[in-house]
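Undergrad: Chains as they are written, first to last, in our numbering: chain A, 1 to 516; chain B, 517 to 973.
You may find that some hints are simply not true.
Taking beta-carbon pairs under 8 Å as the criterion, some of the chain B residues facing chain A (in silico) [stated by the list, open to error]:
{"hint": "1", "residue": "Y822"}
{"hint": "2", "residue": "A829"}
{"hint": "3", "residue": "R836"}
Stretch by stretch, here's where chain B covers chain A in the computed footprint (C-beta under 8 Å, at least three residues) [to be verified]:
{"hint": "4", "segment": "157-165"}
{"hint": "5", "segment": "418-431"}
No wet-lab data here; the hints were simulated from the structure.
Virtual Cβ for every residue (Gly too), placed ideally from N, Cα, C.
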Amino acid sequence: MTTPTSPTSDNAFPHAQEVDILLLLEGTFPFVAGGVSSWVNQIIRGFPELRFGAVFIGSRPQDYGPMRYALPDNLVHLETVYIYEDQQNPPVKPARADPDAMALVEQVHSRFENDLKAPDCPHLFASLMDEAGPDGKLSHETFLYSQASWDYIKKSYKRRSTDPSFVDYFWTIRTIHTPFWRLRDTALRCPSARIYHAVSTGYAGILGVLLKHRYKRPFMLSEHGIYVKERKIDLYQAQWLKDNRSVFERDPSRVSYFRQLWIRFFEHLGYVTYQAADDIIALYEANRQRQLHDGAPPGRTVNIPNGIDVAKFSPLRTQRPVQIPQVLCLIGRVVPIKDIKTFIRAMRMVVNHLPDAEAWIAGPEDESPEYAQECRELAQQLDLVDKVKFLGFQKLTELLPKVGLVVLSSISESLPLVILEGYAAGVPALSTDVGSCRQLVYGLSGEDADLGVSGRVVRIADPQALAQAALELLGDAEAWQQASEAAVRRVEKYYSQDMLFTRYRALYEKNFQWQA
Amino acid sequence: MAGIGFELRKLLKKQTYMGLLQAYTFAGVISSGPWVLSIIGIMLIGLFSLGAVFPKEAITQFQVTITYLFLISLIGTGVVQLSFTRFVADRIFGKEDATILPNFNGLILTASAVSVVLALPVAAFLFPEQTVLYRMLFVMGLGIMSSIWIATVFLTGMKHYRAIVLIFFVGYSATFAFAMIFKSMLGMDGLLLGFVLGHYLLLMGMIWLVYKNYHSDQFIAFDIWKRGAMYGSLMATGFFFNLGAWVDKLMFWYYPGTGQQVIGPLNASVIYDFPIFLSYLSVIPGMAVFLVRIETDFVEYYDKFYNAVREGATLDHIERMRNQMVHHVRRGLFDIAKIQTIAVLVTLALGGALLDWIGISRLYLPLLYVDVVGAALQVVLLGILNVLFYLDQRRLVLGLTILLPVANVILTAVSLQLGAVWFGYGFALAMLLTVLVGVWMLSQKLEQLEFQTFMLQ
Chain A
1 MTTPTSPTSD NAFPHAQEVD ILLLLEGTFP FVAGGVSSWV NQIIRGFPEL RFGAVFIGSR
61 PQDYGPMRYA LPDNLVHLET VYIYEDQQNP PVKPARADPD AMALVEQVHS RFENDLKAPD
121 CPHLFASLMD EAGPDGKLSH ETFLYSQASW DYIKKSYKRR STDPSFVDYF WTIRTIHTPF
181 WRLRDTALRC PSARIYHAVS TGYAGILGVL LKHRYKRPFM LSEHGIYVKE RKIDLYQAQW
241 LKDNRSVFER DPSRVSYFRQ LWIRFFEHLG YVTYQAADDI IALYEANRQR QLHDGAPPGR
301 TVNIPNGIDV AKFSPLRTQR PVQIPQVLCL IGRVVPIKDI KTFIRAMRMV VNHLPDAEAW
361 IAGPEDESPE YAQECRELAQ QLDLVDKVKF LGFQKLTELL PKVGLVVLSS ISESLPLVIL
421 EGYAAGVPAL STDVGSCRQL VYGLSGEDAD LGVSGRVVRI ADPQALAQAA LELLGDAEAW
481 QQASEAAVRR VEKYYSQDML FTRYRALYEK NFQWQA
Chain B
517 MAGIGFELRK LLKKQTYMGL LQAYTFAGVI SSGPWVLSII GIMLIGLFSL GAVFPKEAIT
577 QFQVTITYLF LISLIGTGVV QLSFTRFVAD RIFGKEDATI LPNFNGLILT ASAVSVVLAL
637 PVAAFLFPEQ TVLYRMLFVM GLGIMSSIWI ATVFLTGMKH YRAIVLIFFV GYSATFAFAM
697 IFKSMLGMDG LLLGFVLGHY LLLMGMIWLV YKNYHSDQFI AFDIWKRGAM YGSLMATGFF
757 FNLGAWVDKL MFWYYPGTGQ QVIGPLNASV IYDFPIFLSY LSVIPGMAVF LVRIETDFVE
817 YYDKFYNAVR EGATLDHIER MRNQMVHHVR RGLFDIAKIQ TIAVLVTLAL GGALLDWIGI
877 SRLYLPLLYV DVVGAALQVV LLGILNVLFY LDQRRLVLGL TILLPVANVI LTAVSLQLGA
937 VWFGYGFALA MLLTVLVGVW MLSQKLEQLE FQTFMLQ
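Let the hints inform the model, and build the full structure from the sequences given.
TA: What follows is the structure in structure tokens.
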């Protein structure tokens with residue numbers, strides 16, 4: 001790891017005029033640790049012969065700490081853009097609006113509202129966004145300070161808003177649009193590239209749309225989770241969204257207007273991004289289906305799952321004792337989304353049948369200390385203090401030989417690497433039915449499924465089913481052995497790092513040939 | 517006079533003619549009380565000194581001296597009147613009440629010191645024919661008058677309207693009494709001594725009121741002179757407004773054909789001054805209407821508008837409140853115009869008789885008519901400036917108050933060139949021009965109020 005760098009000191013970052021592939025990253029590598037960031041790191045290091053650049057899109061500088069990854073040598077350019085950074089508005093001064101630009105604004109909004117699927121919609125959007133700069137017809141000043149913009153906001157409020165509060169509508173509109181100018185600035189600033197590669201839709205996606213429109217280079221989109229869906233979950237939970245409907249106006253079955261507005265905003269960004277992308281890569285089939293549903297053209301979609309360095313884990317298979325270790329290990333951060341409580345509850349039943357069994361929880365607890373404390377208390381109440389062990393962060397190569405089952409009780413996952421890493425070490429998986437877990441355990445129908453079952457999948461939040469499935473594997477050496485062998489076969493055949501690199505290399509090479 | 521609306525509304529709420537009458541009387545008294553009292557006080561002293569002070573010209577010398585003390589102290593403290601009120605309002609908003617009293621003391625000290633320093637050489641060298649007592653009283657009078665204006669705007673800002681009128685009443689009664697006591701002993705100097713003593717009492721009354729209401733561990737402070745503590749635009753506005761309202765008089769005093777030397781370097785213009793002072797008395801009803809309309813109806817919708825903006829009302833509601841604001845500004849200005857038209861008509865009908873009664877030549881009559889119109893327009897201008905202050909348009913206000921003296925100088929100079937028939941038109945047309953520009957600016961501002969409130973802040 002390099003010396004930690006504050007995300008604001010742009011000078012410390014490498015700079016280049018041109019790169020082969022410019023990665024567009026929203027809230028991930030290198031300032032946030034996590035699955036997507038590790039994947040980005042893996043991809044960059046996997047193609048040492050290519051020159052990568054990266055644009056990190058964040059909300060505000062203070063929301064991020066130092067870099068979490070050592071920058072690979074072939075990452076020759078890194079820059080940041082903070083779309084909600086305060087006090088970057090131009091000085092307040094009445095501005096004039098170009099009538100053509102305002103006509104385009106009306107046209108694009110009308111398309112989004114009434115006719116999203118119109119063939120010219122993505123192109124209109126990209127053209128509009130390309131005007132969003134001091135050199136374009138729609139400067140930020142025009143949006144902020146012109147009479148025409150004000151009139152349009154008033155008109156839209158009157159026509160569309162079902163929330164009474166004009167001031168909230170006004171600020172929502174301002175907030176929602178501000179990032180466009182920041183992103184447009186970035187598009188002018190960033191190095192030229194042979195391929196633009198966004199690792200989510202959302203703001204990263206539309207930056208890709210703009211770059212493709214401006215510079216006529218191919219644009220690839222890799223999605224781990226489904227950005228729009230995650231945003232919706234955030235927005236449904238968000239407390240900061242105001243709902244000013246009075247008692248009589250409020251219909252609980254109808255989402256508040258501002259929530260709807262934000263959701264539609266991200267849906268539209270997602271749609272435009274899918275339409276503009278030349279290749280749309282999902283991690284697994286369920287996500288690809290979701291992309292199709294959200295507007296991705298079927299011909300451009302493909303699944304490329306995560307891959308791991310199998311060779312790193314394969315020696316561990318021989319280090320395991322002959323007796324299957326009676327250890328169920330949950331590897332992950334101790335946070336509510338992992339639903340660790342269900343795992344602890346399940347352990348009560350497991351221990352009732354297998355008194356020697358232990359539950360290990362390997363992962364940092366600093367993200368949600370309250371939740372971690374609640375988990376410890378639950379273990380206490382269930383009289384499992386010496387059975388449930390909180391280990392903190394662990395090195396997997398040391399941990400996996402001592403483990404009998406890799407457990408995931410999460411209520412949401414995409415394609416969890418820990419399952420693959422467990423597989424590579426010959427450890428079967430016990431997971432809830434989320435993300436790609438069913439595919440990882442039972443295989444996609446066909447050759448993959450023929451490899452056998454490499455663990456168990458149960459419903460979410462069902463401790464009894466989780467315990468039952470754990471007992472089936474840990475209590476039956478033969479079943480365990482079969483699952484272990486299927487796990488090794490599956491990971492070697494479908495989820496190795498080499499597979500991942502090979503498939504991305506093919507896509508990159510195809511796009512390098514691309515001519516506008 | 518922000519905040520007066522509450523008291524006025526209480527009176528209006530009675531919904532009776534009596535309540536209405538009370539409201540307008542109250543508004544008339546508190547808006548015009550102090551300066552009406554001072555005009556009447558000085559005139560009465562003059563009237564009652566006839567036959568007691570010799571020669572007769574000495575009375576004029578006394579009145580002209582007082583006029584200059586008013587003029588210099590008003591223009592001089594004009595620099596701090598608005599800006600200090602704003603400074604105090606900001607301190608109260610920032611919950612730093614304890615800094616108010618020491619800064620008040622600091623400002624009074626500064627104003628007195630500057631007055632004395634400026635007046636001393638004038639008194640020493642420019643009044644060779646006057647007694648030492650006269651010269652000393654001139655210097656003291658200027659310091660006291662300057663302090664009184666500062667205390668007055670401060671107490672007005674703090675909403676002690678009734679107390680101010682009361683203190684002015686007591687102060688001018690004392691001034692009158694002292695002048696009467698000393699006139700036979702010291703002649704013209706005695707009148708001035710009475711004036712200074714009476715105003716000293718008036719000032720002490722105000723300072724007592726200030727000390728009663730404000731407390732601090734610190735006696736004196738000069739935070740007001742720190743950079744950014746007082747708004748430069750407000751300082752300039754106060755200065756230019758007072759200058760604009762007086763500059764035509766100054767020109768008439770010193771123009772060879774219209775002004776005469778009265779005492780030392782002080783000139784006066786017999787033909788110009790009297791009609792002007794009479795016409796200012798005619799604006800009392802206009803001032804009352806202005807206060808009632810702007811501070812009750814307009815302010816009510818002003819508050820509703822900004823509450824609607826802040827608290828998330830619908831755009832329709834916001835626009836409705838804006839329209840109501842505009843409606844009440846329009847109505848307020850029209851009402852001032854209407855009531856002042858009546859004042860003008862009354863002057864047209866009775867002006868001649870009035871002049872006969874006071875014993876002034878009917879030759880002044882045309883000038884009186886024009887001045888009454890000019891003074892009425894000055895009230896309208898005050899109304900416009902007040903609304904612009906509410907909308908925090910300090911730069912527009914500054915522009916208008918710069919326009920006023922410039923127009924007044926140019927048009928008055930032209931009127932002086934054109935001859936006696938045109939006297940007074942310079943002042944009245946300067947007011948008219950400023951009012952028209954003000955109305956136009958105000959209309960622009962109100963037209964774009966929501967746009968500017970939302971988009972340009």
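Undergrad: If a hint holds in the structure, say so; if it doesn't, say that too.
TA: The hints, checked one at a time:
| no. | hint | verdict |
| --- | --- | --- |
| 1 | Y822 | violated, 11 Å |
| 2 | A829 | holds, 7 Å |
| 3 | R836 | violated, 12 Å |
| 4 | 157-165 | holds (count 4) |
| 5 | 418-431 | violated (count 0) |
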